[in-house]
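Trainee: Please take these sequences and the hints and turn them into a complete structure.
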Amino acid sequence: MNFKKENENKNTLQTESKEITEKDIISLLNLKKINLKDQEYAKQHLKINRKSKKTIFEVQVTDIDGQIHSFQFELKTYP
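Heads up: the sequence shown at position 64 corresponds to 51 in my numbering, and the numbers run straight through without jumps.
Because the hints were derived from the structure by calculation, they are not lab data.
Quick caveat: nothing in here was measured; it's all calculated off a predicted structure.
One or more hints might be untrue.
PhoX-like mimics (lysine-lysine), calculated; alpha carbons at most 20 Å apart, straight line [said to hold, decoys possible]:
1) 10 / 20
2) 63 / 38
3) 34 / 10
4) 10 / 30
5) 24 / 10
6) 24 / 40
7) 24 / 63
8) 24 / 34
9) 63 / 41
10) 19 / 34
11) 41 / 30
Mentor: Here's what the structure looks like:
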């Protein structure tokens, strides 16, 4: 029974902007066919701002050559 309770605690969604991870952003950039010269550098220079309390995020990624990629997206979750 304790294992079930521990797993439920691990699987809860966070309510802050940490719902979106660096890996998620890099995946979105790859889907949009935006090639980064240095992904590790980009991960370190990544800004995620929550524009709306629930769903809209603004992302800014700086690549090693100084190029800045920015975009907004809406995240919808369903119960």
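Trainee: If a hint holds in the structure, say so; if it does not, say that too.
Mentor: Hint check:
1. 10 / 20: holds (15 Å)
2. 63 / 38: holds (14 Å)
3. 34 / 10: Between residue 34 and residue 10 the Cα gap is close to 13 Å, so the pair holds against 20 Å.
4. 10 / 30: holds (8 Å)
5. 24 / 10: holds (16 Å)
6. 24 / 40: violated (32 Å)
7. 24 / 63: violated (30 Å)
8. 24 / 34: holds (18 Å)
9. 63 / 41: Satisfied, since the Cα-Cα distance of roughly 8 Å is no more than 20 Å.
10. 19 / 34: holds (18 Å)
11. 41 / 30: violated (23 Å)
Consistency note: the structure conflicts with the earlier hints numbered 6, 7 and 11.
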